[in-house]
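Sequence positions in the sequence shown follow the working numbering and run 1388 to 1539.
The set of hints was computed from the structure by calculation and includes no laboratory data.
Do not take every clue at face value.
[What the hints assert, rightly or not] Across the chosen pairs, the derived CB separations fall in these ranges:
| # | residue 1 | residue 2 | range |
| --- | --- | --- | --- |
| 1 | 1440 | 1416 | 29 to 35 angstroms |
| 2 | 1414 | 1519 | 18 to 24 angstroms |
| 3 | 1406 | 1515 | 35 to 41 angstroms |
[As the list claims (entries may be wrong)] With a straight-line Cα cutoff of 30 angstroms, these simulated DSSO-like cross-link-like pairs (lysine-lysine) come out:
| # | residue 1 | residue 2 |
| --- | --- | --- |
| 4 | 1456 | 1497 |
| 5 | 1493 | 1443 |
| 6 | 1497 | 1518 |
| 7 | 1518 | 1451 |
It should be emphasised that the depicted structure is a prediction, and the values quoted were computed from it without experimental measurement.
For glycine and all other residues, C-beta sits at the position ideal for the given N, C-alpha and C.
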Amino acid sequence: MPAVGGIGPGTGKEYPGNLTPYVLVTCIVAAMGGLIFGYDIGISGGVTTMTPFLQKFFPSVWRKKEADKTKNQYCQYDSQTLTMFTSSLYLAALLASLVASTVTRKLGRKLSMLFGGLLFFAGALINGFAKAVWMLIVGRILLGFGVGFANQ
């Protein structure tokens, strides 16, 4: 006979807490860590296919895209620099999440999330004013550190 488990009545503790505006705002702010990660995935995927972006930062990719007018999009953006631009956020987030657990234990969750938000803000600022590819990559690395700390 298979084992069946369940939660019976009265097995949990009752807490007198209510859903206050403070608790609601705290939950929304905590959920922002995942939101910024998902938002960045969506934005970076769209931006890397925009013609003005490719013309300014990745002209070789743009020339290749313009020369190849076929409908097949597979490996059309074969550029190590463009790949580094895209993946730098994910690698930085991985490294930051390894460090963030220690920082969170020592300084607390609030400061850790604040630090992540500041890093994300700095990365967004650098990316917004970027004039060269290296600035984009540095900005993406800061965004990744921010995501790693905010999602810890």
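Here is how each hint holds up against the structure:
no., hint, result
1, 1440 with 1416: 29 to 35 angstroms, "holds (31 angstroms)"
2, 1414 with 1519: 18 to 24 angstroms, "violated (40 angstroms)"
3, 1406 with 1515: 35 to 41 angstroms, "holds (37 angstroms)"
4, 1456 with 1497, "violated (51 angstroms)"
5, 1493 with 1443, "violated (43 angstroms)"
6, 1497 with 1518, "violated (34 angstroms)"
7, 1518 with 1451, "holds (22 angstroms)"
The earlier numbered hints that this structure contradicts are 2, 4, 5, 6.
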